[in-house]
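Q: With the hints as your guide, set chain X onto chain A.
Residue numbers (the numbering used here), protein chains in the order written: chain A, 1 to 94; chain X, 1001 to 1135.
Possibly wrong hints are sitting among the right ones.
The calculated DSS-like cross-link candidates involving lysine-lysine, where the alpha carbons are at most 27 Å apart (straight line), are [stated by the list, open to error]: (1) X:Lys1090 <-> A:Lys83; (2) A:Lys83 <-> X:Lys1022; (3) X:Lys1067 <-> X:Lys1113; (4) X:Lys1113 <-> X:Lys1099.
FYI, nobody ran anything at the bench for these hints, they're computed from the structure.
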Amino acid sequence: MLTIEQVSENELKFIGRFDASQHDKAADELLHQKVTVTIDMEGLVYISSMGLSVLVNTYKRLNETGHTVKLKNVNSHVRDVFKYTRLDQIFELI
Amino acid sequence: MISKRRFERNTDELQHIFHFLKLSWEEFQVDGDDQLEMELSVEEIFMNMIRHNHSALAKQIEVTVEKKEREIALSLSDHEEVPFDITKAKEVDFEEYIKKVKSGGLGIHLVKKLMDEVKFEHRLGVSTVTIIKHI
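Pulled out of the complex, with its shape left as it was, chain A reads as follows (with noise of 0.2 Å):
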């Protein structure tokens, strides 16, 4: 189970698990981002590639105006996910 909180206007928590299961809920929170984003996902144990698409279709949609999404606390687990993607080519992990 994904649980997302917001931090601030443009900062947001993922806490758990984000399987294909979360995909909508997920993608249904990322539409109301308008601008740069940052994501903080120290809680965060688990993606699999459709959370990965979440992300990637959020960053896309971000990049057409100049903004991005930003991955910040990732684990090691998580950020070996991204490595084997290459996905940590594309979003900023900070």
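A: Just chain X, lined up with the frame of chain A:
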């Protein structure tokens, strides 16, 4: 040691699959990172099966976990008229992928990266994908 269970072909079943795997990890004493990598690989294969196999014969998907001496073998079996061998799936062209910022199509690549072996077998109308993780 073998554990086996059948799951309906819908996304909501993932939570039941993860619960089933969690019980296996406890029984087989599998550590944290290995658990996450195998759960991720099972999800990718399961989702691939329910999204791309539209055979009228396709009903439940059977998941098997087997502990051998120093490895865990996980198998997912599904009725499939036209077999799709994931071991022969086209490699991701990452240069193109990143240039065009595509989305999707990374699941099988992840499975191959995370697992030590990936095998495919099609017999009597049933496709079985077996992934092996050395522990």
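Q: Hint by hint, where does the structure go against what was stated? Just the numbers, ascending.
A: none
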